[in-house]
Amino acid sequence: MSRLSERPGEVIDRTRPMDFSWNGKPYRGYAGDSIASALAASGVRVFSRSFKYHRPRGILTASFHDPNLMVQVGDEPNVRAGHRLVEEKMEVSAQNAWPSLGFDAKGVNRLLGRFLTPGFYYKTFMSPRSLWPWYQRVLARFAAGGVVGVDPQPGRYDHRYAHPDVLVAGGGPAGMAAAIDAAEAGAAVILVEEEHRLGGHLRWGDSDDLGALEELSAAVLSHPGIEVMVDSVVTGRYDHNWVAIAQRGVEGVDERLVKARVKCLVVATGTIERPYVFEGNDLPGVMLSTAVRRLINLHAVRPGERAVVLSANGPGDSAIADLEEAGVEVAEVIDARGDDTVIKASGRMGVQGVIDSRGRRHDADLLVTAVGWTTTTTLLNMAGDRPMYEPRAARYLSKSLPYDVLATGGIVGDGSTDQLVQHGTAIGREAARRASVVKFQWLTAVPTGVTRQPPDTSEIEVPPLEAERHPELFRSSTHGFVDYSEDVTSKDLFAAAAEGYDSMELAKRYTTVNMGPIQGKLEAVNAVAIHGEATGSSPLETSTTTWRPPYAPVSLGVLAGRQYEPVRYSVIQPWHERREAKPLVAGSWIRPEHYGDPVAEVTAVREAVGIIDVSPLGKIDLRGRDVPKLLEFVYVNKWSKLDVGKVRYGIMCNEDGVIFDDGVTGRLGADQYMMSSTSGGAAGVWNWLDDWLQTGFPDWDVKMTAVTDGYASINVAGPNSRELVGRLTEIDLRPEAFGYMEVRTGVVAGVPGCFLWRIGFTGELSYEIHVPSAYGLWVWERLLEKGEDLGVRAFGIEAQRIMRLEKGHFIVGQDTDGLTQGHGMGVDWAIKLDKPDFAGKPELMWQAERDDYRRLAAIQTEDPAIVPPEASQIVAGDVIKGRITSSRMSPTLGRSICLGQVDPDLAAPGSRLHIRLSDGVTVAARVLEHHAHFDPEGTRLRG
Amino acid sequence: MAELSPIPADLAPEARGESLVLSDFSVVPKWRVFSGHEQVRPGTSATVEDRLVWSVSPGEWTVVGPAPEQDPVVDLSHVRMMFRLTGPDSSGLLAKVCALDLGEDMFPDGAAARTLVAGVATELIRDDQAGERSFLIIPSRSYGRYLHTVLLDAGGEFGLG
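The listed protein sequences derive, respectively, from chains A and B.
Read in order, the letters of the first sequence are residues 1 to 943 in our numbering.
Read in order, the letters of the second sequence are residues 944 to 1104 in our numbering.
Short, incomplete list of chain A residues facing chain B, as computed with Cβ under 10 Å:
hint, residue
1, K439
2, V707
3, D709
4, S773
No wet-lab data here; the hints were simulated from the structure.
Where is the CB? At the ideal position from N, CA and C, for every residue including glycine.
Construct the entire structure; sequences and hints are all you get.
Laid out in structure tokens, this is it:
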């Protein structure tokens, strides 16, 4: 093979040489060359070793779908060398060959070929089972494919949405014509082409074809209504014309996934040339007619010296002319439209001779076959079409399409360029019309929709495009390769049929035909035909193939895209970061777990004063005269008499009586309430309330506004908290003026619009200050500044968790689970079954009548140094009697402290428990009288 | 006492691209009202005297500008941030992070929606400025830093930075 002088349609730029390496040796190609064409121009004939038998393989299709052209480029395996353009300094190497492509040691498999029949691995390595790990290690070394780099790849991948009126898949003559006329009719069009350039088969055609190509592509590229994506592939069509496109060639992006919601999809994906099955059909030098036409006309590569051509169609005959023009001696033309065919290609590392059906041997290094076309119906199948095989034309043809999908070009039928363009033009206009119908329906559904005239409902007349008569040519009288990717031969398909695999679906899974990286594009029709031949049936006529997305392989990177994962920060976050707080991921919030020493943080709060950022607490502003009714309904306790200035603790249960959130709600004004929820439960509480208001009580006057982010929330806790807060506000903090469970509004550190409530999760005297959030950091810093002499210290979630456990306060979701009903948590005082109704009441009434539920209990281990890990089981013999839900070492009490869920017979104070630790050791413990380990009377927080 | 600082200064006030400007208007007063703007239908926005008003759900309006007279009024100034994307490339950037069709037909000037932008629930308003395409993005404040970073990242190909 060698480079030809300039060709009229060539796509290489001879002024821009590209130096690259192949298996460590230097090579030179031109810009516009594929890796394969650049190597072929330098005489390379063998590109890979096959999957199973390690047979030498060369160019077959010279396109993206060439099974023999998988190579390694740098760290990237399985690069399609028939498609990927060569680049300066590219390091290309062969896959699946050791020690070299020329001498592949694993080629020994070829000699064993008659033993490597379908099912060989299943049958041979079944027993003894004990040896399987060893088999596995050895077999893994025979696995095909390249090598993935260990280091993360620096590539950039992203996603984009698109909403075109018309999307045309395929940029051949019909596709281009459809795009132009759809755009002319006013549609916004995206045209997607898998290859690097528009044109389809026109690119390797004669001067008339090239003239038509120039005219069409100029019209496409200059049309403002058409967005052209080349080197891109429509990977799938999903419900409601949701179309995925893997787009390459965007500047700064390696690959982009375009998610397009298409009003009308035009499928113009054309046909793929089918290989012919005969002995030696995989030898380097056996090529499809389209491959030689691409090599000669696009890349100016002479594909061989002496050729035999097997042709059954016009394009195949055109290849003969191309070969002659390229200076290839055409030794013999075998016309497959008659009775003649090829029996065998022979040679060691490539074709040396061809034997025809008359028994004649022809010396040749190139055998070109043109025996038929497979329609690329993938997208049609995905749109619900069931294309049927048409024996007259030896291909599958569309049967029926939904309203918003149309087809044009070679996938429909054959014709001259003019006929294809005429068909595409009509389909393009019809696509634009149908898109306008769909758009009109959509516009009527949106409030801002621009009203316009109803669209034209009369269909555009589409000229016929008939599929030409074509002989059915699948296999010669000899056996050869059907699936090049998986090394499956026609003999294997016959063997599978003989073993009883008379269903194609089973034979496919048994032999793995169609299951390689080419996914049946070249081999599916041959496989079905040969399976039919082997089983004596005619499955082509009765079956259709299922094509699943993606149409072509996509990278994992493009599926992942950019990692846009929302995270939430409090406005005080910059301070936390400056103090190197250990970040805690709490749902989407990033919160400070501690600032280095959680024990010292606890001590500061117990002995002086601490401040914690509790901004993520859910906050809902409630207005309207029916708010008390809502509170009465969603909480288990009573709310009808909550005076202005008071706050109350409440528990929410779902319909099952299961506790799902707790928090306090305060009355800030006559008709104004502020509800707080747990940080993690905020969204759920909002939905719960909104759901009841919309579906249960639409007539209630309640106006809800989520204001979680409107306030930075700072809990000031500890014996010095009154003194500290007093230094920043004029609000009267004396106990008699601002008591426990009360709320006040006012100015703090000069910031108006704050509200404060006196509650105490930590068990200390504490004020929770809610500051309009833009001023949150300001107030936080003032508290630290003004409290320096009071021993103020910031504390994190961990210190808060220790202190609430000392105090025996449970956390919903930690000390409860998805089955914990209200009465189990020691809050019977709060559950008011005498209320007329509230969410969860029927279930809680039933629970109250039973005595079979677990109770929350404070638990103390006999050995004060042992802290049973959370989720440790409480056991009686081998029976599970409960579990530890929270546990810590208490710095205040100097011993371990626990909360746990315990069966009723062990829940009474003083009960002896046995806790099984993760190492199997059982330790003794007892149930305490109060949930609170520390200050059970609550004198500190009420002080 | 040191000066009150209204906004943590961790966001750049303005980033520019070739045909795109991203600016932070979070400091403007924003309000929620429940009556008084029935003529502004859900899914739309309108300028009412010196205020911008929009609705994305029945019975609720967001007002930007001086405090409204309606009762009740909930102050959203601190709850929400407000970014403005202006320029011909603004819809191109949003197409990378928002699944809505923001084309001229489906989302013309004056359109309003509640939607996801890069996974964050936000309100999105088409509010052209002197004939130039412009969008307001109004997320909850705690998502602001993340969303600002994402908009800069997505805007890289339009020269935003």
